[in-house]
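If you read the sequences in order, they're chains A and B. Numbering-wise, the working numbering puts 328 at position 163 of the first sequence, and it's gapless, one number per residue. Numbering-wise, the working numbering puts 65 at position 64 of the second sequence, and it's gapless, one number per residue.
Hint data in this document are derived by calculation from the structure and do not stem from the laboratory. All C-beta atoms, glycine included, are put in the ideal place defined by N, C-alpha and C. Hints may be right or wrong, so weigh each one.
[Said to hold, decoys possible] Per the computed footprint, the stretches of chain A lying under chain B, defined by three or more beta-carbons under 8 Å from a beta-carbon of chain B, are: (1) 324 to 337; (2) 363 to 369; (3) 381 to 395; (4) 426 to 432; (5) 521 to 535.
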Amino acid sequence: MKKQSPKDRIKNFNEVALGMSEEEAVKEASRCLFCKEPKCSTKCPVEIDIPRFIEAIKNKKFDEAIKVIKEKNNLPGVCGRVCPQEDQCEGACILNAKGKPINIGALERFAADWELRHVSRTTNDERRTTKQRIAVIGSGPAGLTCAGDLARLGYRVTVFEALHTAGGVLVYGIPEFRLPKEIVKKEVDYLRSLGVEVKENFIVGKTSTLKELFAQGYKAVFVGTGAGLPSFMKIPGENLNRVYSSNELLTRANLMKAYLFPDFDTPVNIGKKVAVIGGGNTAMDSARVALRLGAEKVYIVYRRSEKEMPARKEEVENAKEEGIEFHMLTLPKKILGDDKNFVKSMECIKMELGEPDASGRRRPVPIQGSEFIMDVDTVVVAIGQSPNPVFLKATPELKLGKWDKIVVDSETQATNLKGVYAGGDATLGDDTVIAAMGSGKRAAKAITLHLSNVRV
Amino acid sequence: MFKILSNEKIAPRIFRMEIEAGLVAKKAKAGQFLMLRIDEKGERIPLTVAGNDDKNITIVYQTVGVTTHRLTEKKQGEYLLDVVGPLGHATELGQIGTVCCIGGGVGIAELYPVAKAYKDSGNKVITIIGARDKELVIYKDELKKISDEFFVTTDDGSDGEKGFVSNVLKRLIEAGQKIDLVYAVGPGIMMKVISEVTRPSKIKTIVSLNTVLVDGTGMCGSCRIEVGGETKFACVDGPEFDGHKVNFDELMARQGFFKEQEAHACKIRGISQ
Numbered sequence: 166m167k168k169q170s171p172k173d174r175i176k177n178f179n180e181v182a183l184g185m186s187e188e189e190a191v192k193e194a195s196r197c198l199f200c201k202e203p204k205c206s207t208k209c210p211v212e213i214d215i216p217r218f219i220e221a222i223k224n225k226k227f228d229e230a231i232k233v234i235k236e237k238n239n240l241p242g243v244c245g246r247v248c249p250q251e252d253q254c255e256g257a258c259i260l261n262a263k264g265k266p267i268n269i270g271a272l273e274r275f276a277a278d279w280e281l282r283h284v285s286r287t288t289n290d291e292r293r294t295t296k297q298r299i300a301v302i303g304s305g306p307a308g309l310t311c312a313g314d315l316a317r318l319g320y321r322v323t324v325f326e327a328l329h330t331a332g333g334v335l336v337y338g339i340p341e342f343r344l345p346k347e348i349v350k351k352e353v354d355y356l357r358s359l360g361v362e363v364k365e366n367f368i369v370g371k372t373s374t375l376k377e378l379f380a381q382g383y384k385a386v387f388v389g390t391g392a393g394l395p396s397f398m399k400i401p402g403e404n405l406n407r408v409y410s411s412n413e414l415l416t417r418a419n420l421m422k423a424y425l426f427p428d429f430d431t432p433v434n435i436g437k438k439v440a441v442i443g444g445g446n447t448a449m450d451s452a453r454v455a456l457r458l459g460a461e462k463v464y465i466v467y468r469r470s471e472k473e474m475p476a477r478k479e480e481v482e483n484a485k486e487e488g489i490e491f492h493m494l495t496l497p498k499k500i501l502g503d504d505k506n507f508v509k510s511m512e513c514i515k516m517e518l519g520e521p522d523a524s525g526r527r528r529p530v531p532i533q534g535s536e537f538i539m540d541v542d543t544v545v546v547a548i549g550q551s552p553n554p555v556f557l558k559a560t561p562e563l564k565l566g567k568w569d570k571i572v573v574d575s576e577t578q579a580t581n582l583k584g585v586y587a588g589g590d591a592t593l594g595d596d597t598v599i600a601a602m603g604s605g606k607r608a609a610k611a612i613t614l615h616l617s618n619v620r621v
Numbered sequence: 002m003f004k005i006l007s008n009e010k011i012a013p014r015i016f017r018m019e020i021e022a023g024l025v026a027k028k029a030k031a032g033q034f035l036m037l038r039i040d041e042k043g044e045r046i047p048l049t050v051a052g053n054d055d056k057n058i059t060i061v062y063q064t065v066g067v068t069t070h071r072l073t074e075k076k077q078g079e080y081l082l083d084v085v086g087p088l089g090h091a092t093e094l095g096q097i098g099t100v101c102c103i104g105g106g107v108g109i110a111e112l113y114p115v116a117k118a119y120k121d122s123g124n125k126v127i128t129i130i131g132a133r134d135k136e137l138v139i140y141k142d143e144l145k146k147i148s149d150e151f152f153v154t155t156d157d158g159s160d161g162e163k164g165f166v167s168n169v170l171k172r173l174i175e176a177g178q179k180i181d182l183v184y185a186v187g188p189g190i191m192m193k194v195i196s197e198v199t200r201p202s203k204i205k206t207i208v209s210l211n212t213v214l215v216d217g218t219g220m221c222g223s224c225r226i227e228v229g230g231e232t233k234f235a236c237v238d239g240p241e242f243d244g245h246k247v248n249f250d251e252l253m254a255r256q257g258f259f260k261e262q263e264a265h266a267c268k269i270r271g272i273s274q
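Generate the whole structure from the sequences, applying the supplied hints.
Right under this line is the structure:
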């Protein structure tokens, strides 16, 4: 797939990957062997019939292709862009043995983009939603998927969103240059056309409680409240100015469009040399955002080696192409400030890999006496977060487990509360967009079953 | 969309706005705040709820930057794009005894619902409010009405006694006035000094912090503040904290994080800060 050149793209927030043309898509689809027992589909968390949609593209039946995808996936434009296909469908493709798997992600994106260009929405998809009312808390990938599946089955679904725009992490977290917000908006509009009602500016736990939702007539609730409070390293200097959590930096840039300041009102204060701490996709996103906001040097600082980094290879490569420097086996110890309480540098220590730890990865251990000062004036901490606390605090009867994540049944996503289901980042394990969507799908199935067994 | 019912200047640079926002109004309690956004290009800003009934909420704001300045331009009958809340913990009430309520600057308006709630729950309320000069003394009659004792201070002595709210508090304590709780809301430096005044006599002191916020819903962490040696998040752990444990120097430093950007935005729009 064509990309914007690194030289150009670091100066704008436009999408980096440019998508496939019709000819390219048909050509790529024609490489598919159409296996009798396709492995790709078995690896898709939302069970898309992959060979069938690829075949439609091959035959230039693009409308058919998107229809096949949408039988299972309510957010194809999103998934085609941000799914870790290398670990899922593409990773399972038989053509890996011969070197190059089918670029399934790009084909999915092509079909979704084709539809956005050629089909006016709100047409045939309008259905009457007549069954029971269901509340979905949070409009991220888990919530939207759950809502879409239930609406298709005729349930009356209301999605409650705390922020002013629907999409959750898709709008506040993932940057414009990876996932244009217009795409998210159109996918949400599609769900609305299925009969889903989205209420922004509504914080369940504050504006209304879970009990009140049931009292208002909702018969089941899906909790997709997502990530919350950012984790910090608990080292000195973390509350200095120009230390950001990745959540804050990304929210300012993505949701609030601080890159258009002062035309947009939300400011962001980025220095010349930025250290981003962490090795996941969020760290890569933060680093690339910092670069586009005008930083001269951006470093990824990670305590393990590159091999252990959880970020997608593709994102690491994008970051490297853009000139981001990787400081592996490096652990921050202290952030130092100037007399006005702004970051002036960061003290780090070098690490080496020891015995494997609980995660199976080799544990990084500090090398005595290897401390050094890194010359940076901005630090972004991208080491993870705990679940959003607002709803959980207001709902103490909900059972929580490790890291305060909601305990759910892995098949049905049911919580300990009757009629209450949960998924996505509020639960353990479902921490990618597609995994969250998978959990929303499982919950939708279970809710359907629950409601057909409940006498209303 | 949230309809603006009124927007009036009540003192130099201080405005009061009433907004139709039923969902927030029904739930809001003393001590809580809301987030608002004027329009598509707007910033999300936090404002303490200064009053509410079943349908409407009142906010009082001081013009400090672009957003608060733009708010002053909004007219009755126009709309705000987003209002969400109520956020943060409500003030803990109950029969405490004698509560000394202290407000400074625009914080006086934020003090009013809290002082009233303490009074309504059966406490004796001593109120001390302070401002730079008499023009800036707001909510005087309202607070006087609900207070058992009432003091005003101004920096220049143009209303009440000359000096700071902390002087009055100190004098009361030294004179042996029984105080079970001090509640302070206002500039960081005021809350810091108040907390130092009450520290030796170990009078429980609650302060309401005004931190920088982006989402306001427990996600971004920009409101973090050291309290008792730990990092807390004002939006979900506060905004009220034990004044004896708050690192006020950090609070004040963090309030200056975006000062340069704010000044720039004001300058190019011709807004005098």
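Structure-based check of all given hints:
1. 324 to 337: holds (count 4)
2. 363 to 369: Holds: 4 residues of the region 363 to 369 of chain A have a Cβ under 8 Å from chain B.
3. 381 to 395: holds (count 4)
4. 426 to 432: As far as the region 426 to 432 of chain A goes, the hint holds, because 7 residues have Cβ atoms under 8 Å from chain B.
5. 521 to 535: Coverage by chain B is violated here, the residue count being 0 at a Cβ distance below 8 Å.
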